[in-house]
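Read in order, the letters of the sequence shown correspond to residues 1470 to 1590 in my numbering.
Some hints could be false.
Calculated pairs, DSBU-like style, for lysine-lysine (alpha carbon to alpha carbon, straight line, at most 35 angstroms) [said to hold, decoys possible]:
| id | residue 1 | residue 2 |
| --- | --- | --- |
| 1 | K1587 | K1506 |
| 2 | K1500 | K1587 |
| 3 | K1584 | K1506 |
| 4 | K1506 | K1524 |
| 5 | K1524 | K1584 |
| 6 | K1524 | K1587 |
| 7 | K1584 | K1500 |
| 8 | K1524 | K1500 |
No lab work stands behind these hints, which were simulated from the structure alone.
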Amino acid sequence: MNTAEYLMLSLIPLAYLMGSIPFGLIIGLRKGIDPRKAGSGNIGATNVGRLLGAKYFGYVFVLDLLKALLPTAAGSWVAIRFGANPPSVLQLVLHLLIGFSAILGHMFSLFLGFKGGKGVA
């Protein structure tokens, strides 16, 4: 394995941890509503939007989107900066695993007892 592949491998658990951040719950609790106990009971953007309004739907949706986009973009940067041109099959697989682990973190959050959102954003 080369430097890019080691760096990309290290991004997988970081992507899971970023994906595990429950932004819907955080924003809901900050506004005095626990989305797990109101509406559909889901911590996702749709339920938060129903409970708090469209502005908060947007906040949660964008934050949930970014928590997968940022690690995936970091994986792309690492592959371009340190990787082979064209990328190896392993680099492509690692890049997919970075994005997938962020989605898994969202759906099975470490901070919520491995419960979470639906993985839509």
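query = Out of the numbered hints, which ones does the structure contradict?
reply = none
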